[in-house]
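Engineer: Residues per chain, in single letters:
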Amino acid sequence: MHNTLKQLHYPKALKLKRKPIQNQIPGKITYVGEETSEETVINVISYNEEKVVYHNNCSLEKVLDLVTHEKEFQHWINFIGVHDVKKLADLGNLLQIHPLVLEDIANTKQRPKLDEFEDYVFFALKMIFHNDAGLLIKNHFGIVFNKSYIISFQQSQDSIFNSIRDRIHNKVGRIRMRGTDYLFYALIDAVVDNYYNVTETIEEKTENLEDRILKDAHNASTSEIQLLKREILSVRKAIFPAKELIRKLQISKHELYDQSTKAYLADLYDHILQVTENVDIYREIVWGLMDMYMSSLSNKMNQVMKVLTIMSSIFIPLTFIAGVYGMNFEFMPELGYRPAYFIVWGVMLVMTLALIYFFKRKNWF
Amino acid sequence: MHNTLKQLHYPKALKLKRKPIQNQIPGKITYVGEETSEETVINVISYNEEKVVYHNNCSLEKVLDLVTHEKEFQHWINFIGVHDVKKLADLGNLLQIHPLVLEDIANTKQRPKLDEFEDYVFFALKMIFHNDAGLLIKNHFGIVFNKSYIISFQQSQDSIFNSIRDRIHNKVGRIRMRGTDYLFYALIDAVVDNYYNVTETIEEKTENLEDRILKDAHNASTSEIQLLKREILSVRKAIFPAKELIRKLQISKHELYDQSTKAYLADLYDHILQVTENVDIYREIVWGLMDMYMSSLSNKMNQVMKVLTIMSSIFIPLTFIAGVYGMNFEFMPELGYRPAYFIVWGVMLVMTLALIYFFKRKNWF
Amino acid sequence: MHNTLKQLHYPKALKLKRKPIQNQIPGKITYVGEETSEETVINVISYNEEKVVYHNNCSLEKVLDLVTHEKEFQHWINFIGVHDVKKLADLGNLLQIHPLVLEDIANTKQRPKLDEFEDYVFFALKMIFHNDAGLLIKNHFGIVFNKSYIISFQQSQDSIFNSIRDRIHNKVGRIRMRGTDYLFYALIDAVVDNYYNVTETIEEKTENLEDRILKDAHNASTSEIQLLKREILSVRKAIFPAKELIRKLQISKHELYDQSTKAYLADLYDHILQVTENVDIYREIVWGLMDMYMSSLSNKMNQVMKVLTIMSSIFIPLTFIAGVYGMNFEFMPELGYRPAYFIVWGVMLVMTLALIYFFKRKNWF
Amino acid sequence: MHNTLKQLHYPKALKLKRKPIQNQIPGKITYVGEETSEETVINVISYNEEKVVYHNNCSLEKVLDLVTHEKEFQHWINFIGVHDVKKLADLGNLLQIHPLVLEDIANTKQRPKLDEFEDYVFFALKMIFHNDAGLLIKNHFGIVFNKSYIISFQQSQDSIFNSIRDRIHNKVGRIRMRGTDYLFYALIDAVVDNYYNVTETIEEKTENLEDRILKDAHNASTSEIQLLKREILSVRKAIFPAKELIRKLQISKHELYDQSTKAYLADLYDHILQVTENVDIYREIVWGLMDMYMSSLSNKMNQVMKVLTIMSSIFIPLTFIAGVYGMNFEFMPELGYRPAYFIVWGVMLVMTLALIYFFKRKNWF
Amino acid sequence: MHNTLKQLHYPKALKLKRKPIQNQIPGKITYVGEETSEETVINVISYNEEKVVYHNNCSLEKVLDLVTHEKEFQHWINFIGVHDVKKLADLGNLLQIHPLVLEDIANTKQRPKLDEFEDYVFFALKMIFHNDAGLLIKNHFGIVFNKSYIISFQQSQDSIFNSIRDRIHNKVGRIRMRGTDYLFYALIDAVVDNYYNVTETIEEKTENLEDRILKDAHNASTSEIQLLKREILSVRKAIFPAKELIRKLQISKHELYDQSTKAYLADLYDHILQVTENVDIYREIVWGLMDMYMSSLSNKMNQVMKVLTIMSSIFIPLTFIAGVYGMNFEFMPELGYRPAYFIVWGVMLVMTLALIYFFKRKNWF
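Chains as they are written, first to last, in numbering that gives the first Met the number 0: chain C, 0 to 364; chain U, 0 to 364; chain G, 0 to 364; chain B, 0 to 364; chain V, 0 to 364.
Any given hint could be a false lead.
[Stated by the list, open to error] Between beta-carbon pairs, the in silico distance windows are:
1) C/Glu243 / G/Thr67: 57 to 67 Å
2) B/Arg164 / V/Ser158: 44 to 54 Å
3) G/Asp131 / B/Asp279: 46 to 56 Å
4) G/Asp215 / B/Gly335: 50 to 60 Å
5) B/Asp118 / U/Lys108: 52 to 62 Å
6) B/Asn327 / C/Val349: 21 to 31 Å
7) B/Lys261 / V/Lys247: 25 to 35 Å
8) G/Ile136 / B/Gly133: 56 to 66 Å
9) U/Ala353 / G/Val349: 18 to 28 Å
[Unchecked claim] Mimicking DSBU-like on lysine-lysine, the simulated pairs with C-alpha atoms at most 30 Å apart in a straight line are:
10) U/Lys214 / C/Lys214
11) G/Lys361 / V/Lys214
12) G/Lys137 / U/Lys228
13) U/Lys146 / G/Lys27
14) B/Lys170 / C/Lys27
15) G/Lys214 / C/Lys361
16) G/Lys170 / V/Lys27
17) B/Lys252 / C/Lys242
18) G/Lys236 / U/Lys261
19) U/Lys137 / G/Lys137
20) C/Lys108 / B/Lys247
21) U/Lys236 / C/Lys242
Calculated directly from the structure, the hints in this document are not laboratory data. Using N, Cα and C, we set each Cβ at its ideal position, and we do this for glycine too.
Here chain C stands alone, though its shape is the one from the complex (with noise of 0.2 Å):
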């Protein structure tokens, strides 16, 4: 069978979509993620602690206009979209961000990143959720922030930002009174705290997964816990390089986080670590689900195996019997005793019964 081992190793079914070898320029910003045909959209919310201005649709003109001139506000530039190279990479020469930040904030599949410049800092993570259908959804979320504006690429609209504009335009806590490191703040909190939501929906289904495969192994199936596990691993990989960066963030000395501003990142550390916990409990847990599947399966084997033994142990000398009195030889004494035939039927129900007891002791029904 070992002969057999290079050719198994590509049955026809396998057909290796090979990729010609590319290598890319570095530096050359390149969208990397699915495509779409969503318009990119920049839209600006100016705010200081008297006053709140909306710029929707800006031009690239207008934001550059805005940073420069309008210095009396801190401006929340949305970058919609970075599937728009073009657009992407003006925005980037005239705001002077490095060709590699733009580069990672295209490349949708990049992990989580934390780049301090001297006079920006960048950071790159993950925003996870489950869509409609339950499947685990990651997009791609990038933030570049100085002293006087904070930009923040999304690949799509997003309502998790909907609660800061509310807060900006609201009054509401100290957004409005603090500078942009707190912005810059609140929207990796925001992210964050959606990830709750989303061990939360793994919590669910690892429980409902593990309820039916305790009440019937067939319930169930081993895709799903395969599933699970692809679930849980995605979501570890998303998560735990931010808690990483989060940490980097907390103990930096970039003078662009304002002392009162390290208590709210030491805060979020805080709350992305407890995630992570999650989800290595989590992970333990499903990871022991396939040990509960097979017992379960051991355990329905066994089941059949009682019933087949019950009934081939009880009929099958019952058989013989009946055989033994079906035999043909001339000289049978018991044939021609009258009551024989009773006689024969007391002992098989005697038998009978004396297997069940046997069984019955043995805690097989």
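With chain C's structure known, arrange chains U, G, B and V on it following the hints.
Structural biologist: Relative to chain C, chains U, G, B and V alone:
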């Protein structure tokens, strides 16, 4: 089968309780936890080496009055019922406690935490115990202390600190001679001491389950093992961060901890280290129970199979012999031979004995 | 089945021995451990290069007298029976030992511990050995030493230090020429040397169990594997913290350790490292035994199934043939054919041989 | 059975290819790897911002001439075919490369390595890819560079660097404006980019295998899972050391790396981090496949057992009834009763239906 | 069954070879290892750039004479047979080696160790190889070296250093031009090079075992897997501490190591890193073999069950039909119908074919 993966993913049985994405305002004090109708109570014990004075059910003004004017006492302010966020916020306001601290106190899902501010220290940890139904209960517990007073925040009335109250009342041990840092230590020590009880209950549960699995796999169930796993994971989640924090306490250079208290903190660290080691040992043992369960099932299956095999192997050949002499061939010499019937019985007996001997030698009985 | 989880949780068989939450006063010396009726004894060996003097069964006054006046000797004070907390406290008082140290000495569940005070050092570790019944025994052992004396605290009389007494008595090796730090090292070394014996017994037990599982899974049982696992976990719990502490000893800069003793401490660390490596190897092997046990069971099941399959496959078809010619159709041409009976026998024989050949080729015999 | 362990240890089938112990002289350059008959070629690309000059198939003298006299160019010396150790040693001699470096270049089994000398840097890593047969190929790749030239050592001609050659030729991106350190980065980046393709192929293989296991365990085999495991281990072995080394590069203070290149090295580290995370996720998934395979087998066994149990449980009792009325007792009242035969058929039908109902209710169909 | 746990604990088959607790005197040189009757021999090779002189079978006086008077040579003193502790102690005395070092040399169970004294360095490691029977042999090997001589302590004569002797004799490579530190490196390098052979043998064993398990689980046995596991654990135990020590060597600032030797030590570390990585890969693979073995057993069981199920499912219904027409009812209309017999045969044939078709479609053949 693979195309059905996506559908399988959300069986009808699973209705996800999708929550709207809600972004909490940082520093906004919100009670997170089970609803309760108990009334919030503040009790203060003021003590020094000479005197102990009890102020039950204080108003906030009374508390402020005590801590600002009765400087000759140390005050232990016991705030019971953190669900009253209004009162909590007011108290925090009066005593100038950071809003994030108050948020962590009101959030009973908050993981253990240590925050050392310039003039006070905040410590949050979990009281865990098994209730009378044997279920694991986790209560959130927070302490804030400075040079002259200590505030303990509890979810509900608890007997865990009674012995400390007795020690203060009766002047047992060093507690009346020492500062608030010693009381701080004593409170945490009481909580950690209680962890021992929890690990002992887990030990009992584990051994009970182990015994039942060894006796008969059907006395136990995988769901019990899974529950115990979850319980241990839950305990770990409460205790392990506390270990880290007590380690930090021990090496902290904050001036609120007196040098003489440091030895006690080292001792405390030692205690929690021992608790965590115990938990990890039970973790290893419980994780091994599923294997025991599986092998117990396998053993039972072996038993069932042996009964089936023995019954079948003995009676199927006998039935065959009976069948042979039940054939209706006109010319079958044995049929006419008179003792043939008895010879056949003899042959059957010999066969049966031979098979029994064979199974005996294989140790199948 | 799931709704019964909560009930299952506490089967009637499990009566939790709920203890009242008892908060121990820190620094209060309480004996924790098995009760014993042995009397507490203090033996002192005073020695220097020239002389050895034995003071058996000393009173506390005598001890104080020795350590304060006979400065030309080093005193090894052997306190046997830590359950007498009164005497322990008095001794501690006389020699000014910190109450927390005394608490750790009286608590025989205390994990290994090293505390370096300004003028004395406290070290606690576990003596472990297998008793004659093969059960693992853990005894708590504490040492306190300063420049002029060393106090060893034992639970009960022990033969483990006899060789050290001999070396002192007979002036073998360096022990009489060196200070108390060397004796301190020698005592720990004796305990660690004994760990080798423990790991060797575990090795024997493991190999014995492995052999029996390989021979026949029914000679062994999962409970034995589980017991061995627990034993190894218990040994690890005693030895691993000790390893850390000896490492600390080795790199400690406390002035009580003479430079020349440092080489011996390094050697000691090496020994305990080797012990821990051995324990971890047996850990790996024992954890693998459950798999061996399972595959051994599976193998047996295969055997059973083969017997059943062979018997059934041979005799069921034969019985069918016999059944055919037992039918009572009026017109069955074969029945009248004279040699038919023998032909049928022949056919049966050929079928049987063919099946036997088939099973042989499948290597089922 | 245990006494046979030692014999079992070396079954006849295993003839160990014992090699003579051979002690290699350190610094002696020996080719370790598969034999090849390709000729060794040295191609040089000399470029600066203005010009690119190609020198194909250079002699060693030509190379020396280029690097010593044409200082206005940067030279990329591509040495293809490291099996020619003579030429390799000569080149090393001319350009004063340390013998140990040359040894590491010629040893294609060498693990990834970074050596920073005072005036040049040596970096060795693995090019890995799947060949057309889907087998994993590892090629050894070494780079030596200093201020004015870079030498890349390859086992064989490769298309992986074509895009870099294009970028140099067409002046795309920054490559012509930057120093040798940027080319150094670009070469490593090309190799690391290729790791993505490898992990994607592993992803495809894993998913294909997973699908087939889910469909029917017999479509897949444990040998495939084992092969995939080995492949992942092999990839890890190549990539993980590289990760460490790129980390070192990133934090190195060697003056050969320009400050502007540092950002690219950080980016590179990020890429390889992402690759290693992907590999570890597939590792987890593939390690879980064996469990899926086992449960798939168990499921099939359950199917088989159910068929057996249903068939046996239905027909064995029926056969018994038929057997009863095949008995030859002289007095069996039913035999003479005319409709008896049809009543028996009826009873049999009812029994069969009852059993079918029973199995249906157990969900066995 | 549980009450019998304690008895089970020590089955009669297990007689623990309880050893008396023996406390070894630290620094007392005792041979620990297998007894041997070989005579201890000291061979000295004295060499410098110009000359090599061989002194075989030297007396201790001769050795002392050489190292004190012939300062123009470097002396490689090869002490073969460390069981002669008397000679070892005398040599140690003459050359002022620390007693603890001598103890570590004579204790062949000693784990790898590096001790750097002010004027000499001690290094102990394990030579491991497979003997002709394929069993793993571990020999203890110690080196002591200072500026002018190097002493290698071996358990027995060995061919492993022949190539080094050749290099010295023939002045190959750098060995004659360098100091004792280079010889020190060369000796360790020879030992580490040999580790490659060991891992290759393990590789062969693993692959052989894997092949046999894949072909037929009964060709292999769990005891083989267990043996291979133990072998790998044993190799790890020898190699991993050595890795740490070579790392220490590499970063050591001891003045005995010349700067030029440092590059070789770095290379050495690289080699042993590669060995340890290989060992860990085989560890992973071997640990996975038990799963393969189990699934192979499961597969076989499936085969067996299918044969049983097919045979039973085909013949049990047929036997039932035959049984029906073997009944002796007086009124059974079919019996008198002439072609009935052949019709029954036809029905049986059709049933059989239908079942065969059913099993074929289930892929059971």
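Engineer: Work down the list of hints and note, for each, if the structure agrees.
Structural biologist: Status of each hint after checking the structure:
Taken as a hint, the range 57 to 67 Å holds for the pair C/Glu243 and G/Thr67, whose Cβ atoms sit roughly 59 Å apart. Taken as a hint, the range 44 to 54 Å holds for the pair B/Arg164 and V/Ser158, whose Cβ atoms sit roughly 51 Å apart. Distance hint check for G/Asp131 and B/Asp279: the Cβ-Cβ separation is about 50 Å, which falls inside the suggested range of 46 to 56 Å. Roughly 57 Å separates the CB atoms of G/Asp215 and B/Gly335, a value that falls within the hinted 50 to 60 Å.
At roughly 59 Å, the beta-carbon separation of B/Asp118 and U/Lys108 lies within the given 52 to 62 Å, and the hint holds. With their beta carbons about 22 Å apart, B/Asn327 and C/Val349 fall inside the hinted range of 21 to 31 Å. Under the hint 25 to 35 Å, the C-beta atoms of B/Lys261 and V/Lys247, about 31 Å apart, fit the expected range. Range check, G/Ile136 to B/Gly133: Cβ separation about 59 Å, and the 56 to 66 Å hint holds.
A C-beta distance of roughly 24 Å is found between U/Ala353 and G/Val349, which places it inside the suggested range of 18 to 28 Å. With a CA separation close to 23 Å, the supplied pair U/Lys214 and C/Lys214 stays within the 30 Å bound. Under the criterion of a C-alpha separation no larger than 30 Å, the hint pairing G/Lys361 with V/Lys214 is consistent with the structure, at around 13 Å. Distance hint between G/Lys137 and U/Lys228 is fulfilled; the C-alpha atoms sit about 28 Å from each other, no more than 30 Å.
Taken as a hint, the U/Lys146 and G/Lys27 pair is honoured in the structure, with Cα atoms around 26 Å apart against an allowance of 30 Å. With a CA separation close to 14 Å, the supplied pair B/Lys170 and C/Lys27 stays within the 30 Å bound. About 27 Å separates the Cα atoms of G/Lys214 and C/Lys361, which keeps this hinted pair within 30 Å; it holds. Our distance criterion of 30 Å between C-alpha atoms is met by G/Lys170 and V/Lys27, whose separation comes to about 14 Å.
Using a Cα cut-off of 30 Å, the hinted pair B/Lys252 and C/Lys242 holds, with the two alpha carbons roughly 28 Å apart. Taking the CA atoms of G/Lys236 and U/Lys261, the gap is about 26 Å. The hint holds against a cut of 30 Å. Distance hint between U/Lys137 and G/Lys137 is unfulfilled; the C-alpha atoms sit about 33 Å from each other, more than 30 Å. Distance restraint check for C/Lys108 and B/Lys247: the Cα-Cα separation of roughly 25 Å lies within the 30 Å cut-off, and the hinted pair is therefore satisfied.
Between U/Lys236 and C/Lys242 the alpha-carbon distance is near 17 Å, which keeps this suggested pair within the 30 Å criterion.
In this structure, the one hint that does not hold is number 19.
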